[in-house]
Amino acid sequence: MAVHESSRSAAKVQTRPVARRNLGRKFVLYTFLALGSFISLFPFYYMFVQASQPSSEVLRFPPHLWFGSAAWTNIVGLWNNGFGRAFLNSVIIAFVSAVLSVFIASMAGYAFAKFRFWGRSAIFGLFLLVLMVPYLVTAVPLYKMMASITLFSKDNWLSTYQAVILPALANPFGIFLMRQSMHSLPDDLLDAARIDGANEWRVFWNVALPTMRPTLAALGIYSFMFQWNSFFWPLIVMREKSMETLPVRINALVGMSIIDYGQLMMGTALTTLPIMMIFLFFQRQFISGALAGAVKG
Amino acid sequence: MVRKMGAMLLVVLLSTMLLSACGTDEATSTPASGATDSGATNTNSSSNASELSGEITVWGWNVAAEGLKATVEDFNKKYPNVKVNVEDVGRLDVYDKLTAGLQGGGAGLPDVVQVESDRMDVYTSAFPDGFADLTDKAGKYKDQFDPSKWAQSEINGKIRSIPWDSGPTGLWYRTDYFEQAGVDPKSIETWDDLIAAGEKINAATGGKVKLLPVDIVADDAGFRMMTSELGVCCYFTPEGKINVTNKESVMAMTKLKEMYDKGLIANISGWDGVVGATKNGDVATVPFGVWYSGTIMDQAPDLSGKWDVMLLPAFEKGGNRAANLGGSTLAIPASSKNIDAAWAFVEHALASKEGQNIMMEKFGLWPSFIPAYEADLYSQPVAYFNNQPIWKMFADEVSKIPSATYTKDYAKGQAAIAEAQTKVLTQGMAPEQALKEAADSLANQTGREIAQ
Amino acid sequence: MRSDVVEPRRSSGRWLQWRRKSTPYLFLLPALLIFAIFMLYPIISSLWLSFHSQLNPETGLSLDNYRRLWNDRLFRKALINTVFLLLYQVPLQLSLAMILAVLLNSALVKFRGALRLVYFLPAITALFAVALIFRLLLDEERGLINYVIENLGFAPVHWMTDAWAAKFSLVMAITWRWTGYNMVIYLAGLQSIPYDLYEAAELDGADAFDRFTRITLPLMKPTILLTTVLSTIGTLQIFDEPFLLTRNGPANETLSMATLLYRTAFQTIEPNYASAIAYAMVLIIVVFSLIQFRVAQRGEDS
Chain S
1257 MAVHESSRSA
1267 AKVQTRPVAR
1277 RNLGRKFVLY
1287 TFLALGSFIS
1297 LFPFYYMFVQ
1307 ASQPSSEVLR
1317 FPPHLWFGSA
1327 AWTNIVGLWN
1337 NGFGRAFLNS
1347 VIIAFVSAVL
1357 SVFIASMAGY
1367 AFAKFRFWGR
1377 SAIFGLFLLV
1387 LMVPYLVTAV
1397 PLYKMMASIT
1407 LFSKDNWLST
1417 YQAVILPALA
1427 NPFGIFLMRQ
1437 SMHSLPDDLL
1447 DAARIDGANE
1457 WRVFWNVALP
1467 TMRPTLAALG
1477 IYSFMFQWNS
1487 FFWPLIVMRE
1497 KSMETLPVRI
1507 NALVGMSIID
1517 YGQLMMGTAL
1527 TTLPIMMIFL
1537 FFQRQFISGA
1547 LAGAVKG
Chain W
352 MVRKMGAMLL
362 VVLLSTMLLS
372 ACGTDEATST
382 PASGATDSGA
392 TNTNSSSNAS
402 ELSGEITVWG
412 WNVAAEGLKA
422 TVEDFNKKYP
432 NVKVNVEDVG
442 RLDVYDKLTA
452 GLQGGGAGLP
462 DVVQVESDRM
472 DVYTSAFPDG
482 FADLTDKAGK
492 YKDQFDPSKW
502 AQSEINGKIR
512 SIPWDSGPTG
522 LWYRTDYFEQ
532 AGVDPKSIET
542 WDDLIAAGEK
552 INAATGGKVK
562 LLPVDIVADD
572 AGFRMMTSEL
582 GVCCYFTPEG
592 KINVTNKESV
602 MAMTKLKEMY
612 DKGLIANISG
622 WDGVVGATKN
632 GDVATVPFGV
642 WYSGTIMDQA
652 PDLSGKWDVM
662 LLPAFEKGGN
672 RAANLGGSTL
682 AIPASSKNID
692 AAWAFVEHAL
702 ASKEGQNIMM
712 EKFGLWPSFI
722 PAYEADLYSQ
732 PVAYFNNQPI
742 WKMFADEVSK
752 IPSATYTKDY
762 AKGQAAIAEA
772 QTKVLTQGMA
782 PEQALKEAAD
792 SLANQTGREI
802 AQ
Chain P
59 MRSDVVEPRR
69 SSGRWLQWRR
79 KSTPYLFLLP
89 ALLIFAIFML
99 YPIISSLWLS
109 FHSQLNPETG
119 LSLDNYRRLW
129 NDRLFRKALI
139 NTVFLLLYQV
149 PLQLSLAMIL
159 AVLLNSALVK
169 FRGALRLVYF
179 LPAITALFAV
189 ALIFRLLLDE
199 ERGLINYVIE
209 NLGFAPVHWM
219 TDAWAAKFSL
229 VMAITWRWTG
239 YNMVIYLAGL
249 QSIPYDLYEA
259 AELDGADAFD
269 RFTRITLPLM
279 KPTILLTTVL
289 STIGTLQIFD
299 EPFLLTRNGP
309 ANETLSMATL
319 LYRTAFQTIE
329 PNYASAIAYA
339 MVLIIVVFSL
349 IQFRVAQRGE
359 DS
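Protein chains in written order, with the numbering used here: chain S, 1257 to 1553; chain W, 352 to 803; chain P, 59 to 360.
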């Protein structure tokens, strides 16, 4: 994307004058960067090493630094502890959240960026202000609400997917992000479509959205990651074991009568792995997501 | 290139994981539901019992949850139509969920929940009607339960929970380490004796084995056991004044400091830390409630025969060695849709010899239900614990435990003492000073007076 | 912003005009609905709760909780801890991110993309996982880090029981997780600075340090401000690390405002008082953000 292009061209221009400088500097530079990479990566390595140890070896002293042989045993143990169902729950929640929040945030971002209307800055300000309220304090009122909603449900909304998905949908960060990138959309393009007789929905859906694909992808991935890693709210609201998400299920292993450290570390590793995988596949989107809010703003 | 290959590798890993999951998942889901139907086909004689039906959910943690699971089979012989789901929820998670649930008017709560006796006041004062009033159902058992435990269940004249297990304390110790250091466990009568023994063991094992584990930062269990022994547990006087600056509390804190200064305390973190130190052989003793026996047997089967237990040491020769730590109750949230079935389960588990003793035998959960003590098992030797009749010791101890005071501010007291403990042990503050600061802090938080 | 001025061909009549005016609201509707129900309502209801005394609930609307908060030494301690964390954590993390970004932006560096990826990786990891791994690494008796320290011939560090070491553990865990994220933002900012500027300065005889302070920093100011505000809000609300890693210890030395809020709401069960803590936090966050904007503005003026 834009960032990549500019970096490459800058690098090319830069190469000639700098190349003459001494090798010593290069050595220092690489040592520093390598050290940084080591610090960055080592905890992950250590997590995978511990995940492959039998329970009794995880807390061994001196600690293991190479992989053990119990990876499979730990995985099997996890499945017996309801890991499969928790994995499924996490996938469903994270995926649905990603799709819906992209949809909702892009509509809102479009309205904020491309229309002038009464209350625009007030509403936008309100969205941002909410970022400053600690989420812990809304947990109890939100819980009470979930306990009293009976719509579309035989009992109430406790231990339902929507209880975890819905509150995270009106994500101020997402709306902010979409607003920023919708700003860059030329008005002429939209007007041309209007003059051609498209109604406002079609202008949004057929003209505005398709140009936003990279940002939509970025936001979708962020929403996915947020829900995938989310811990406290699912812990409170998912009352039934069969509805627990991955982080909640794995955390429960700590409180069980038989603490299996190998399983615990394997569970942690297997929760981290999919997100790492998604990160590797969609790194551009991840990075542009991190940037969109910051640089373009 | 490398990046793409890494990604591919991850995909392969993940897909194998998923595939294998589908295979094992089905296999394991059957026994979970099957275990509870065992009595379903039983045509029961008692019409009253078979009329009860439905499904109830029970929350507990650790060995307590395991213990309750063990009572289900017998329960279903009496009540074939009640399906019981015992869920092992982590201790802190139970409290988080219980708090949110009671604030939400009881929605999403189970039918039966484990609450530690000392925490009960925190809940009943915040939610006076959060738990079902069991006075009519349980009143008849009053004389059959340990009176000190029963008192904790009766709040403003109403019974809100049923006492489950008591926590008579013991000093669990490794016979092999004592032998190695040439210390005779029988010679230990006071904490000073124990400290001397600890030093010998530490020296004999090349500094590898410490005397006992303490979660310095977060838990004051050692302090609570000692103050219970000295009769000033827990943080407040019966009149409700702050009671942590008395000389007994200072003695307790000073003793902990002495152990720490001599390098005898293994600083561990969390429940998993205690368990880890126990099974890894990092410590020679663990002072804890009788309920810890279940965890030791469960977690360190290979150490069978190497663990034994004695009473906690006293502060002076011939002094009191009986104390209490922990112990739980079972309560029924008022929101339960099946209070009768929930009560039937609680009654079977806690107010019957069979229920209490199955939990006792397998998991060391010490009954508060007095008739349970008639069983043989209390005089029999336990193979795991050096083949000693360890239950007899606890049975004799129970009646000697000094009474304790629990209040709604118990949790605040615990946090304040953990803070004082950290200051004393790791920052070198004088025990008097740290406890005074704890008292001031409690006064500031609760508006209570400090006892003189 | 001309779209609303353009008159589509068919738009005549009051109905059409109404429809045009309502368009933005219709686009906002789903977000607004969900926002109002699942965020605004719980916020207002907890705000309302905070004005009802915890200790004397019969008194009706009152400032009792806030009065108690003013004198609450535990809250003061949490506040001091959190602000303290802010004062050394945010500058450390952001300057480290800046250094890495500048180094990565240097033409000497190959594999820039791969390195950026490596540094960013911690930011995507679940907090409970981070806490668990760091707890294993920092374990006082059996942790790898103490093992290494001991083998180097030093005394093991009491990571969780020594006040400074515990604070340092917290800083390590937070810095580990967020430096790469900020670095990516800075790197993009650096790459948008036209290279001509540097070349011109170099011709004028400016050395690398001058170029950094005279060109890079001023041009990066908006980005730095934004990351500072975001990190500040994040740190003032810090919960997971002190809750899971240092567990508020030792002696409440790593108790943060948010972990105190949790303890008050869920362990000592004082919901009204917990709400007051939350809104005191909001106030503090707003004040800090305003100060930062003000400081940035003053810099602009001079």
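Hints are computed from structural coordinates only; laboratory data are not their basis.
On a predicted model such as this, the values are computed, not experimentally measured, just so you know.
We put the CB at the ideal spot given by N, CA and C, even for glycine.
Check before you lean on any hint, since a few could be wrong.
Quick list of in silico lysine-lysine cross-link-like pairs, DSS-like style, CA-CA up to 27 Å [said to hold, decoys possible]:
hint	chain 1	residue 1	chain 2	residue 2
1	W	LYS434	S	LYS1497
2	W	LYS657	W	LYS713
3	S	LYS1400	W	LYS657
4	P	LYS225	W	LYS608
5	W	LYS608	S	LYS1400
According to the in silico footprint, chain S covers these stretches of chain P (three or more CB under 8 Å from chain S) [what the hints assert, rightly or not]:
hint	region
6	124-138
7	237-243
8	261-275
9	320-332
Do the hints match the structure? See the list:
| no. | hint | verdict |
| --- | --- | --- |
| 1 | W/LYS434 / S/LYS1497 | holds, 16 Å |
| 2 | W/LYS657 / W/LYS713 | holds, 18 Å |
| 3 | S/LYS1400 / W/LYS657 | violated, 51 Å |
| 4 | P/LYS225 / W/LYS608 | holds, 23 Å |
| 5 | W/LYS608 / S/LYS1400 | violated, 46 Å |
| 6 | 124-138 | violated (count 0) |
| 7 | 237-243 | holds (count 4) |
| 8 | 261-275 | violated (count 0) |
| 9 | 320-332 | holds (count 4) |
The structure is inconsistent with the numbered hints 3, 5, 6, 8, although it conforms to all the rest.
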